[in-house]
Amino acid sequence: MLKVEKLIFEIGSAGRKGYSLPKLDVPDADMKELIPEDLLRKSEAALPEVSELDCVRHFTRLSQLNYSVDTNFYPLGSCTMKYNPKINEKMASLPQFADLHPYQPESSVQGMLELLYETEQMLCKICGMDAFTLQPAAGAHGELTGMLIVRAYHTSKGNPRKKVIIPDSAHGTNPASAALCGYEVVAVKSDRNGRIDLDALKAVVDGETAVMMLTNPSTLGLFEKNVRQIADIVHKAGALLYLDGANMNALVGIARPGDMGFDICHVNLHKSFSTPHGGGGPGSGPVGVTAALSDYLPVPRVKIKRNRFILDAESKKSVGRVRAFYGNTGVIIKAYCYMKSLGGDGLKDATIEAVLNANYLKARLKGHYALAVDDEPCMHEFVLTGKDKKDFGVKTLDIAKRLLDYGFYAPTIYFPLIVEEAIMIEPTETESKDTLDSFVETMIKVANEARSEPGLLTSAPHSTPVRRLDEVLAARELNLRWKRPGA
Amino acid sequence: MADTGKLLFTKTHEWLRIEGNVGYVGISDHAQKEITDVVFVELPKIGREVAKEGEAAVVESVKAAFSIYAPVSGKIVKANGAVEKDPSIVNKSPYDDGWFFAIEMKDAKEADTLMSFKDYEEFIKSGAH
Chain W
1 MLKVEKLIFE IGSAGRKGYS LPKLDVPDAD MKELIPEDLL RKSEAALPEV SELDCVRHFT
61 RLSQLNYSVD TNFYPLGSCT MKYNPKINEK MASLPQFADL HPYQPESSVQ GMLELLYETE
121 QMLCKICGMD AFTLQPAAGA HGELTGMLIV RAYHTSKGNP RKKVIIPDSA HGTNPASAAL
181 CGYEVVAVKS DRNGRIDLDA LKAVVDGETA VMMLTNPSTL GLFEKNVRQI ADIVHKAGAL
241 LYLDGANMNA LVGIARPGDM GFDICHVNLH KSFSTPHGGG GPGSGPVGVT AALSDYLPVP
301 RVKIKRNRFI LDAESKKSVG RVRAFYGNTG VIIKAYCYMK SLGGDGLKDA TIEAVLNANY
361 LKARLKGHYA LAVDDEPCMH EFVLTGKDKK DFGVKTLDIA KRLLDYGFYA PTIYFPLIVE
421 EAIMIEPTET ESKDTLDSFV ETMIKVANEA RSEPGLLTSA PHSTPVRRLD EVLAARELNL
481 RWKRPGA
Chain G
1 MADTGKLLFT KTHEWLRIEG NVGYVGISDH AQKEITDVVF VELPKIGREV AKEGEAAVVE
61 SVKAAFSIYA PVSGKIVKAN GAVEKDPSIV NKSPYDDGWF FAIEMKDAKE ADTLMSFKDY
121 EEFIKSGAH
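If you read the protein sequences in the order shown, they are chains W and G.
Okay, so the first sequence: first residue is 1 according to the working numbering, each after it adds one.
Okay, so the second sequence: first residue is 1 according to the working numbering, each after it adds one.
Do not take every clue at face value.
[Unchecked claim] Calculated cross-link-like contacts (lysine-lysine; reagent style DSSO-like; alpha-carbon spacing at most 27 Å):
id, chain 1, residue 1, chain 2, residue 2
1, G, 106, W, 162
2, W, 163, G, 75
3, G, 85, W, 483
4, W, 366, G, 63
5, W, 390, G, 63
6, G, 125, W, 387
7, W, 162, G, 75
8, W, 236, W, 189
9, G, 63, G, 125
10, G, 106, W, 163
11, W, 162, G, 52
12, W, 390, G, 118
13, W, 390, G, 92
14, G, 33, W, 390
15, G, 52, W, 163
16, G, 45, W, 163
17, W, 189, G, 63
None of these hints come from the bench; they were simulated from the model.
Whenever a hint applies, use it, and build me the whole structure from the sequences.
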């Protein structure tokens, strides 16, 4: 069993070193003669004192504590934790890419610019949009960029407008992005299956509505069938429709946001396009727009002039830069590689498999856990509710903790907020049937344990390096600083 | 424990206790149980105008952050700093020490749309929340 690893400051001993310096080959001098005394430390810096081997073992053991998609199944709903093909890493680390400097003249980075240009073109094709920016460094950053574009668009028409409409099932980043951009957030209710209630929407849309932010498929994992009617209601008021593209893994190659009536959308390269996610990031959240909005995109933009790729910062209407240089180019290279490796047909197949895997899991689990919505085919993910398990004194949190004992990462829990005791599962297309079956059997086992031995769940996890953490105490008395004993 | 008979409830699980033209606001016992251990409370500034059903405060648990809506319109005249300092009071004493803020009510009639404790209990049972 893996044990908790001590901090590197807690191992080793005073004076132990992991290096040996060569003999001094310049005249020795007193530090006080070289640096003013008031700038010198009064005490030794508290650095780790370990040998090279201590250090290697420490970090190797730490790396073995890592749980990642490379080690196990990661059914974290809304996050699309698909496998990140190693060829992506290989391509991004080619010295021709990795050694580039962002201040190199355009003439010496034509290949990189071509790759950025082509990536934009591919994303335009996939999303049915007319232009893309690759600058935003994450999904929420894409949302903020989208809101800046919305504000610039309405301002150019004479009134920036006041309100942003967001469904009560939305990702929390949506209202945060709208508020950060100075808009008032108006929530619109969902129906029992988490779809937009059209009458409720009509009641809140008016001449002060700047944009509606919509996630499709919704966070309940269902396709928003009325998306065209929603677009009509929003457009009739002169407002724009924004797609939170977190769930693009259900759409790529099958349906295009542009065709549904969206004016702006972001995609997450670190979700739908297989680049590393979370601690393995950074992310990338490109934003696409229709032709009417393309002048508002951040600058510089990659364009072609006299058969050469150039960085163009001309647009007077642009919202300006949203990121230093040209976005997280290393991530963009990986996404480009993914799209090129799979091709159009491959990307479509991946979407179909993702939806199939989610429906398979849902079909096998629904007798053991209650579905959060009516039993209809889901998209790439689905939501269960643990509310019936409350009768045994077991909460969704306990189910999630117990799954850790069986070597699985827990699904997303307590989201979407409109589902009581939510358990949100997204398997992605890259998992085999064997893995899915093993997850199902474990989930069933946990459901049975909830009934027969609830204590096993409420005290879980039992086999992880650290047991159940006191999250409440950690949040109430946050302490992020380690102090050397006696210091 | 407070006399819940004197409290009025919203569908968003706030309660209102009227004293003269001032209304004290907190969240229901059901709400504190649902959101679990409160770890952070953000109160409105004194003097702020709030609209009925407008966001007035924020409460955070380890699960998520939730908005607290004003049951009636008016001006914030008091904020309970004790729950900011020790958020666990919201869980321990939702109807007494765990109040959030007090509103100088613009129009006492607005309170007529709120539910009695009995109606609120029915509302929770109906699962319509």
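Outcome of the hint check:
no.: 1; hint: G:106 <-> W:162; verdict: holds, 25 Å
no.: 2; hint: W:163 <-> G:75; verdict: holds, 23 Å
no.: 3; hint: G:85 <-> W:483; verdict: holds, 25 Å
no.: 4; hint: W:366 <-> G:63; verdict: holds, 24 Å
no.: 5; hint: W:390 <-> G:63; verdict: holds, 16 Å
no.: 6; hint: G:125 <-> W:387; verdict: holds, 14 Å
no.: 7; hint: W:162 <-> G:75; verdict: holds, 23 Å
no.: 8; hint: W:236 <-> W:189; verdict: holds, 20 Å
no.: 9; hint: G:63 <-> G:125; verdict: holds, 23 Å
no.: 10; hint: G:106 <-> W:163; verdict: holds, 25 Å
no.: 11; hint: W:162 <-> G:52; verdict: holds, 19 Å
no.: 12; hint: W:390 <-> G:118; verdict: holds, 24 Å
no.: 13; hint: W:390 <-> G:92; verdict: holds, 21 Å
no.: 14; hint: G:33 <-> W:390; verdict: holds, 13 Å
no.: 15; hint: G:52 <-> W:163; verdict: holds, 18 Å
no.: 16; hint: G:45 <-> W:163; verdict: holds, 23 Å
no.: 17; hint: W:189 <-> G:63; verdict: holds, 21 Å
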